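Visitor: Residue strings, one per chain:
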Amino acid sequence: MLHGAVLRSPLAHARIVSVDASAARAHPKVVAVLTGADLDERGMAWMPTLVGDVQAVLATDKVRFQGQEIAFVVATDRYAARDALELIAVDYEPLPPLIDATTALEPDAPTVRDDLPGGNRIFDWSAGDKEATDAAFAAADVVVGCDMVYPRSHPAPLETCGVIADYEPVGGRLTLWSTSQAPHAHRMFYAVLTGLPEHRIRIVSPDLGGGFGAKVPVYPGYVAAIAASMATGRPVKWVEDRSENLMSTAFARDYHMHGEIAATADGRILALRARVLADHGAFNAVAQPSKFPAGFFHIFTGSYQTKSAYCEVTGVYTNKAPGGVAYSCSFRITEAVYLVERLTDMLARRLGADPAELRMRNLLRPEQFPYTTPSGWQYDSGDYPRALRLALDMAGYDELRREQAERRARGEYMGIGLSFFTEGVGAGPRGHMDIMGLGMADGADLRVHPTGKAVLAVSVQTQGQGHETTFAQLVAQELGLSPNDVEVVHGDTDRTPFGLGTYGSRSTPVSGAAAVVAARKVRERARVVAAVMLEVAADDLEWLDGKWRVRGDPDQALDIAEIARAAHSSLELPAGVEGHLDASAVYNPPNLTFPFGAYICVTDVDPGTGEVKVRRFIAVDDCGVRINPMIVEGQVHRGLADGIGIALMQAISFDEIGNCLSGSFMDYLLPTALECPSPELGATVTPSPHHPVGAKGIGESATVGSPPAVVNSVVDALAPFGVVHADMPLTPANVWLAIQAAGRKE
Amino acid sequence: MQVPAQVEYERAASVDHALTLLARYAPGARILAGGHSLIPMMKLRLAQPEVLVDINGIGGLRYIELVADELRIGALARHADLLASQVAGEHFAILHDAERVIADPVVRNWGTIGGSLCQADPSEDLSAAFAALKGSMIIHGPGGSREVSARAFHTGPYETVVGQAEMLTEIRLPVRPHSGSAYAKVARRAGDWPIGAAGVAVRLEGEVIADVGIGLTAVGAAHFVAAEAEEFLLGRAAGEEAFLRAGEIAAAHCRPGSDQRGPEEYKRHLVRELTARMLRAAVRRARGLDPVTAAP
Amino acid sequence: MKITVTVNGTDYARVVEPRLLLIHFLRDELGLTGSHWGCDTSNCGACVVWLDETPVKSCTVLAVMADGRRVATVEGLASRPVLGGTGLDPVQEAFAACHGLQCGFCTPGMMMTARWLLDHNPDPTEDDVREAISGQVCRCTGYENIVRSVLRAAKLEGGDPAEQRLRTDPPQGGRAVHQGPGHVHR
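Chains as they are written, first to last, in our numbering: chain A, 1 to 746; chain B, 1 to 296; chain C, 1 to 186.
Derived by calculation from the structure, the hints in this document are not laboratory data. Quick caveat, the model's predicted, so the values are computed rather than measured. Treat the hints loosely; a few may be bogus.
[Unchecked claim] Label pairs and their calculated CB-CB ranges:
1. B:Val-67 x C:Asp-11: 39 to 47 Å
2. C:Ser-79 x B:Gly-59: 25 to 33 Å
3. C:Lys-155 x B:Pro-177: 41 to 49 Å
4. C:Ser-79 x A:Arg-615: 37 to 45 Å
5. A:Thr-76 x B:Glu-159: 35 to 43 Å
6. C:Asp-11 x A:Val-17: 52 to 60 Å
7. C:Glu-126 x A:Glu-403: 18 to 26 Å
8. B:Gly-59 x A:Arg-407: 48 to 56 Å
9. C:Asp-11 x A:Thr-76: 23 to 31 Å
Quick reminder that beta carbons are idealized off the backbone N, C-alpha and C, glycines included.
Assemble the whole structure, with the sequences as input and the hints as a guide.
Guide: Here it is as structure tokens:
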């Protein structure tokens with residue numbers, strides 16, 4: 001096996017004058033060096049992105065972000081590959097870089113993509129009713145507006161991205177062991193790129209060390225490794241290091257938002273308006289349904305009754321790494337929820353209202369579901385007031401407010417921050433959702449063996465969410481089996497049905513549904529077989545307590561194991577009925593599912609230093625039917641930690657010339673066990689009416705809902721200083737500066 | 001892939017042997033102790049020594065003991081040793097305050113006191129702590145050993161007075177009665193390098209400050225010392241007015257730079273705030289008012 | 001250069017470059033892939049193993065520094081003398097029972113630190129546990145179930161604190177090293 005290393009650009013924007021790899025090629029342990037020119041000959045120097053743009057695999061003409069791939073060294077060991085990088089001489093002609101997205105559309109801004117006609121503008125997109133919204137604003141008693149930035153961050157799974165590419169030239173087969181959250185989508189991508197048919201490409205994505213959206217895109221390193229394997233005829237392994245991960249793989253967020261909320265004098269929300277500048281980096285490589293260039297941002301009316309809403313999003317290129325959709329964002333719902341929850345808090349402050357009361361006044365009522373929002377989302381089910389009430393009870397909200405008042409009198413500053421979120425997951429109905437033209441329907445294949453054990457093959461791919469358990473439970477529940485008797489197979493394209501993969505919390509809503517549908521098909525086939533075995537009509541059987549039982553004579557019953565044995569035997573079956581107990585399903589979800597929650601975050605702030613300590617985090621989640629509560633809670637625990645990190649310390653930042661200042665865990669700070677309090681979790685259950693078992697999905701909920709709770713908490717703590725808003729990350733310096741700035745205003 | 005460049009490796013069996021190796025392979029030889037300052041730099045290829053002289057096998061350099069009225073710390077003592085040392089904590093609460101917030105428990109297991117001091121990172125908490133305590137360093141060289149004040153040990157970022165063929169072997173801290181010390185650091189997260197930090201060691205005679213050391217970390221204080229603030233406090237009554245004024249003086253004289261951790265004005269503010277807080281805490285401890293194990 | 005390292009009780013003699021990191025020696029030379037690496041700057045702790053009975057970040061130690069020393073990795077956890085005879089260390093049992101891992105990438109390091117903590121402090125508080133793992137990052141669990149797992153392992157062990165087991169010699173052999181809190185359990 002050979003080992004690859006990527007030479008990356010130190011500059012954010014430069015013309016490539018020459019690349020001289022001769023000294024590297026002469027290194028005794030180096031087998032090959034690929035450059036952009038080499039890949040160009042194979043038609044692989046550029047590749048499509050998931051949203052119809054193109055991205056350089058190895059730069060040919062220009063580099064467009066610091067860390068961009070320039071060359072790929074293949075050597076007999078990893079250390080030598082690293083050494084050889086220093087032997088490649090690249091002559092750059094620096095160009096002025098575009099780093100500040102807010103200047104991207106100015107006439108004299110550097111052009112990032114001179115290979116495209118549109119300059120730095122990627123798209124303009126809008127949703128909602130502009131006229132009605134503007135009218136509502138004009139007539140409103142109160143309008144509160146704010147500029148807020150959702151800073152660039154990075155999912156940073158603990159295992160970085162990597163691949164072993166093994167092209168076997170005799171059979172023309174390509175095998176990839178790959179960190180991929182979407183193996184089948186990747187397989188199709190590589191088929192298009194290399195010209196190999198899909199059945200000669202196998203992607204194995206086994207145990208992944210976390211994904212969080214970082215492992216959805218196809219990265220240049222993967223393609224370079226494939227090209228290197230094809231060129232050398234040997235397996236090539238490439239695993240990125242942490243700085244490469246942070247500097248070049250899919251970042252998240254980076255939304256510059258201006259939001260406004262219009263309300264009556266007594267605090268009823270009338271309308272919401274938002275204008276967003278989206279920084280997409282040097283290539284438009286967001287991973288999201290193709291018809292939604294700003295993802296699901298237009299869900300930004302949140303959980304409240306609003307008459308009208310309108311948003312505009314403009315996407316621009318900058319000289320930074322590509323990405324934008326990652327890190328449990330549910331396709332930009334993190335940004336939308338942050339906006340509406342900050343605005344709601346600011347509205348409460350303006351009106352002198354309690355933020356919990358204001359929310360309660362405006363939350364959608366259970367009888368309004370299914371509810372269509374002004375921006376076109378149909379929320380499936382929810383009892384919002386109940387969830388909020390539960391959270392307030394768990395927190396001891398009134399007692400907290402009393403404590404806050406007492407402490408303020410003593411010069412101590414604590415904050416209580418709320419967040420109520422609705423998110424839409426489980427993309428999605430093929431009618432209007434696709435990625436690269438692939439419908440987002442997922443398959444499940446279920447096979448029950450003669451001895452009654454089952455194997456479920458699914459298209460989604462786990463990175464720790466416990467699919468092996470939850471999917472086994474789903475099938476076991478439908479068939480009266482023990483979950484221990486159901487094996488879940490995933491992550492190998494040779495052994496699993498087609499699907500779009502794991503992200504956007506879609507495993508339970510889509511693939512889980514497919515598994516249930518397949519299991520029910522098996523159960524129905526089993527009914528027919530059982531009818532033959534018991535010599536009754538199929539309609540005379542009912543499924544009760546894990547067995548097919550004769551109506552009126554329940555002791556005459558058969559379980560799936562017995563039926564499976566018979567289905568594989570010489571038992572004569574009726575005409576048209578096939579033997580065995582196998583079934584497949586491809587599930588096209590009729591709608592998204594809409595998990596929601598109410599979060600409360602209590603912080604203590606030291607205004608002398610700006611330090612923030614998160615004291616308590618109360619989280620009530622409703623993800624519909626909870627298949628495995630322990631796993632659900634584990635997902636929420638993580639999302640709350642994400643919120644603390646994103647709100648207080650995580651941000652990918654750059655200097656004026658595009659040097660990434662967050663290229664390691666020394667500067668891209670992640671919360672430790674000391675920053676995360678023991679969370680207090682609660683749950684309500686409002687099943688999804690359209691999901692086969694009523695489950696909604698939970699994976700991203702807490703990452704969506706928690707950052708606004710933390711920020712609202714800190715701003716609440718600083719209210720006595722006149723602070724109305726402060727952008728994330730709320731580092732000690734930023735908190736202190738916010739206090740100073742508010743003081744200067746007064 | 002962040003891995004070190006090629007390097008040669010020698011193992012020293014004794015201090016003299018180490019000095020010989022350092023001289024022989026000068027100028028490209030570096031001492032390898034815990035490696036937790038040097039190896040990260042080597043992985044990023046910011047440091048590319050030609051020869052590593054591994055001193056971990058040298059016996060008799062890992063100790064923390066009270067000798068007469070001095071606490072003596074062997075240069076190979078690990079951070080974890082210092083944090084766990086009862087005798088160190090009893091006499092110098094500042095050392096435990098600082099160690100508690102240096103890196104993390106696992107890094108503290110292997111990183112050495114000597115290594116951290118010789119790395120001379122401007123953000124090294126112990127450098128300021130030892131400066132506040134007015135300790136001294138014992139440096140062994142080919143001609144024997146010499147003693148250098150902790151407040152003259154660091155000559156600039158990543159620079160000390162230890163010569164190419166010399167080795168730090170011991171740190172000595174004077175134990176004085178009626179003394180108290182404390183350290184506090186503000187960082188973006190647990191285990192992070194400081195945005196700013198201050199350590200104070202004070203000796204009282206009655207109500208008056210008879211001796212004081214103020215160490216500042218990461219804010220461009222020369223030799224990690226807030227000399228002007230120290231001078232102001234000598235002979236003054238230990239009270240709020242003096243503490244606040246000392247904080248202002250310390251803030252005025254340091255030279256923090258704006259960076260990712262914060263702008264200059266914020267760091268100056270931290271110096272003002274933390275110096276005053278640590279004076280308060282050190283004086284309370286000198287008066288026996290707070291148990292030394294409580295956070296400052 | 002030639003080194004001999006005792007890993008999980010077995011001696012391994014290999015010829016290595018001085019610059020080879022211990023984590024790569026364990027994974028690539030010895031095939032012990034249970035320890036992982038996740039960063040470049042000694043921050044994440046996915047690589048934590050024991051070096052002479054002390055948890056260290058093996059990405060920040062050279063393999064040559066381990067010459068003549070003992071290394072313990074997660075692969076060796078289950079083979080230590082344990083209670084109950086399930087073959088798993090109580091720490092491993094507790095992590096499995098309490099959903100203390102999701103993707104599992106940080107888990108070996110977390111468990112090695114947990115094992116060391118419980119050896120020195122058999123009855124830790126929640127704060128003790130959080131402090132002990134504060135140098136190690138988890139992206140999946142938010143730490144809550146890791147903490148619960150360690151506390152659960154402490155309960156599972158519960159044994160007699162007066163029962164001392166063998167402790168190896170301090171690495172320096174010379175003057176007295178620090179006093180550790182609590183007794184050593186093996």
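Visitor: Taking the earlier hints as the rules, which of them does this structure contradict?
Guide: Per hint list: zero violations.
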